[in-house]
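**Q** Each chain, letter by letter, is given below.
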Amino acid sequence: MTRLAGGLIDRTRTLSFTFDGRSYQGHPGDTLASALLANDVRLMGRSFKYHRPRGPIAAGSEEPNAMVELRRGARQEPNTRATVAELYEGLEASSQNRLGSLRFDLLAMNDLLSPFFAAGFYYKTFMWPRAFWEKLYEPIIRNAAGLGRLSMQADPDAYDKGYLHCDLLVIGAGAAGLSAALTAARAGAQVILAEEDFLLGGRLLAETHLLDEAPAGGWLAKVEAELAALPNVRIMRRTTVFGTFDHGIFGAVERVADHLPTPGNGVRQTLWRITARRSILAAGATERHIPFANNDRPGIMLAGALRSYANRWAACPGQKVAIFTNNDDGHRTALDLAAKGVEIAGVIDTRGSVSALGNYPVFVDSVVENTRGRLGLKSVTVRSGAKNFDLDCDVLGVSGGWNPNLHLASHHRARPVWNDTLHAFVPGENGPPGMTVAGAAMGQGSTAAAMTAGASAAVAAMEGLGLRAAMPELPRAEKADANLYPLWHVPGKGRAWVDFQNDVTVKDIRLANQENMRPVEHLKRWTTLGMATDQGKTANVTALAVMAELTGKSVAETGTTMFRPPYTGVSLGVLGGGDTGPHFRPRRLTPSHVWAAERGAVFIEVGPWMRAQYFPQAGETEWRQTVDREVLATRQGVGICDVTTLGKVDVQGRDATLFLDRLYANAMASLKVGMVRYGLMLREDGLAYDDGTCARLAEDEYVVTTTTAQAGPVFRHMEYARQCLWPELDVQLVSTTEAWAQFAVAGPNARALLQRVVDNFDLSNEAFPFMACAGLTVCGGLRARLFRISFSGELAYEIAVPSRYGNALMARLVEVGSDLGATPYGTEALGVMRIEKGHAAGNELNGQTTAQMLGMGRMVSAKKDAIGSVMSRREGLLAETRVLVGLQPVDPALPVVAGAHLFTEGDGHSTATDQGWITSACYSPHVGSAIGLGFLANGAMRMGEVVVAANPLQGGEVRVRVVSPHFVDPDGGRLRV
Amino acid sequence: MSELIPTCALGGTMPRTETFGALTLTEVADLALASLALRRNGVRPAPMGMALPDTGQWHAGEGIAAFWTGPDQWMVEGPGRAEEDFARLIKAEAPDASVTDQTDGWVVFDIASSAGGGRIVDLLAKLVNIDPRRLAAGTACRTGLEHMAVFVIRRADDRLTIMGMRSAAATIWHALAGAAARLEGSAT
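Going line by line, the protein sequences match chains A and B. The first sequence: position 417 = 417 (this note's numbering), numbered continuously. The second sequence: position 16 = 16 (this note's numbering), numbered continuously.
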């Protein structure tokens, strides 16, 4: 055991967990990584490409190596960073990306074959033969180079989402963030403090610096207590702000239950959308390493991470520690570890004149050139001036300086700026509006500077919001300069890793340079540097600096790749919000849904609606039997169909008539009160938009209907016309789609059936002729609206009642009409009957067709202007000869397939010879064969001709005869009886 | 009164109610609604003596209430009057305005908290992207909830009404009940 003294772990309790099947013990406060290190386990994974043995190099979310499959069964989650996985009793983790055991990974032979796996290898190697890629190459590569495995089971956990609003969002609760939050909170602002860790404090938790001559823990506890007591502060632990979006909106994931064995009845994670008037990014900094040959062995870590493990988690990954540094910060690690009783082999410092801060050897003007140790570090080779020597150590801390965590400040494409003094990129101008960056994220890395910067940023933010904030009294803290002298990599022979997660080495960058992949964006894509779960947090800047060196440019000239959300990986489960299956999206039910369900109706999704598709009866074994019965029953007796889903818009106002006359292509001004007219709307470009009916209920009141699919868009179109095109008109619009349950009552017995439900209303043809409408009462005083319109070609009405009575009315109509053959029918029979009658629907109104094509060219009034009228008369549209025709197979036993294309008999089947296409098709029980509607070139002049309907997609072609699109009652006599 | 028996938006003959800890959800089936829009340059009426509320506001009068829905547009509420021809009544009170029956266009859910307004704020955070500080008692707004358009009315500090498409009643209930249950720590 290499558990040290002290730390922020609760030693009074012990937690048992397993890694790769072996049991270990840790304590509350541990992460999986810290607990494993304390158990002398530092080999935690295999690398992506070469399957090199790897241990953690970091102690936070930037970790590229120590990724595990966490949990078992359906909850198994791949690529979980051991460095942020909190330990809980019974935790189960497995290493990933290996074949065999972690110690003897068979795929480690890839390491020996590394010359073949240089950057860009798969762009070159697996190009030929082309067909091999999907079936052979990709599966092999995926298997060998994959990361963790999915459970392949459904996610059993619940996820939640929510919205928060605040005056100030503080991202990160380290020295800067806490000072900022405290300052703003005291000023009375609504503050959200989001911290990705489970403890507040940031680096203060990992350092031994004194605040006011006392350990930082005292100050932390005081500030935390004050913030917790303020009602205007919301502290969100375990919450990663992963993205900066427009208008001051941030995405954040709160890991509500990831630190528990299971979420129980609660949610696992919550996705928060935080709207903040101001924000302070205090996300700290990530330490960078210095590449040298074989710098990826378990035991080689960032020096700051070594300090974190020692000070916060009382863990050390070995017995004898060496430090490789180019700045003073590396020496702090030596000092802290020595204070914990760990043996320090020496500090290898690249700089010339430095001296030890404590009792340990220092090798100046020195670098680490190579290392030894197959599954873990055993020694390092030091080059000191002209001489080389080996230094025994099992731990090496590397410190190359710190890179500000500026990602969230760049999500709006603000370019980071290179700072020659700090030797780092810092947030540039033009960051997200309202955001200030403070502390180490701005390069203000000392504790004193971070605290002052955080508090000052909050004062400024409050001033911008009109609140007066005072600088709080901040504790005295260290303000040392790191005295960094940049060194970006140690030149040498062996492979020196830059990006651990993607196995990208200095050689790969050199190769990219040779192959002219020099721009940073090319470098990234070609080498895959900076990709995958860590997004290159420990690699990017080092890689750019190496490229800069190779091209002889400065880092500033070389530039940097940009950052996009998410900052760290976000599970798709939490983005999806947890609702699956029938709750995946909103579902709308028709007013007669309960009745239809009781009748055993089969439902179909129509957009968000669930509509009855057909109503099977006992003895019917397949859907066609049911639909044929429903069609024939309607045409012979009376059928009833719930048509509530069609859009309804109430139009009122002194100028309602003029408004509708401009909206519809056909004349509406002449419509009399109490009458309905079919209406066709065009788009601005003259193509057909939507059709429906327009009923004039009073001089200044209409109700218009739309198709089901276009109910929303047409209403929006009408509002646009009202508010933007003709604001001078006196028109008021309101949707009433939901308010009225509407039923089609169709068939020769429709009048007789309705007579049984209306209250003293004359339904005779004279009193209520075809296309009449009226308000009336039914079933003993219930308000209703009646329209004599037909979509089926039969004598038909549509009756509307307040929606809550729809279910009862449906039941009543079927009940009182049993002797008349009253039959409920669904969307399938509805479709069959409208095809038989030749009515256009969505298939024909597909946005590519004109009134002329639909056979309604003359409806577009030339006597007035309306939206799309002029454009509908442009040459290109007038030259279109395809028109709607009916199609009937020459052999009545053969099918007609919608989507099939039409060709003249004897012609080949190509685009050049294409004559049109079939839009709708069904089996017509009225005709006794399949029928179709389609657009055919010069169709009106080709009645009786036989053409070929070809279906190259599924194979097959059928000879079809061109007929009138009106298969039923072409002169419309049935409608008017 | 018709012989027909009405069906509630959630499909039952009686409105649904369910309690989740301190939060109680109730389907309100007897609220009459009528939209009222001024004609161009029309004068703002005062139906049944009630002044129509200003932008973003909800206001209750004697047996009547209303909330603002858009420029020169309001939704007028008649508690307990769903069975009446409420639109006709309002039209008589505001003959120069355009009035449309909306009673059955909406499903109405009341949410009451027995633990004060704080719990309502917590619930709001899980439902709609509205700053609760701006949705004080006496305000109303239209917003999105689970990809649906809804009206949110804060009738009192501890009472909220959510109105959505009647046809989507079950989806809205699922969203409200789910959020309330998760908030109160009871499984759904």
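Treat the hints as calculated values from the structure; they're not laboratory data. Beta carbons: idealized from backbone N, C-alpha and C, even for Gly. Take the hints with a grain of salt, since some may be wrong.
[As the list claims (entries may be wrong)] From the derived model, a few chain A residues whose C-beta atoms are all more than 12 Å from chain B:
(1) S23
(2) M152
(3) T881
[As the list claims (entries may be wrong)] The calculated EDC-like cross-link candidates involving lysine to aspartate or glutamate, where the alpha carbons are at most 16 Å apart (straight line), are:
(4) A/K320 x A/E226
(5) B/K91 x A/E701
(6) B/K91 x A/D700
**Q** Would the pair B/K91 and A/E701 pass a check requiring their Cα atoms to be no farther apart than 16 Å?
**A** 13 Å, holds
**Q** Confirm or reject: A/S23 is not an interface residue toward chain B, with every Cβ-Cβ distance exceeding 12 Å.
**A** 32 Å, holds
**Q** Any Cβ of chain B at or closer than 12 Å to A/M152, or is the non-interface label fine?
**A** A/M152 clear of chain B: closest Cβ-Cβ about 26 Å, beyond 12 Å.
**Q** Below or equal to 16 Å on CA atoms is what counts here, so check A/K320 against A/E226.
**A** Measuring from Cα to Cα gives roughly 42 Å; hence the hint is violated.
**Q** Verify the proposed pairing of B/K91 with A/D700, using a straight-line Cα cut of 16 Å.
**A** Given that 16 Å is the threshold and the Cα spacing comes to 14 Å, the pair holds.
**Q** Run the C-beta distances from A/T881 to all of chain B and say if the shortest one exceeds 12 Å.
**A** 42 Å, holds
Hint check: a violation occurs at hint 4 only; the rest are consistent with the structure.
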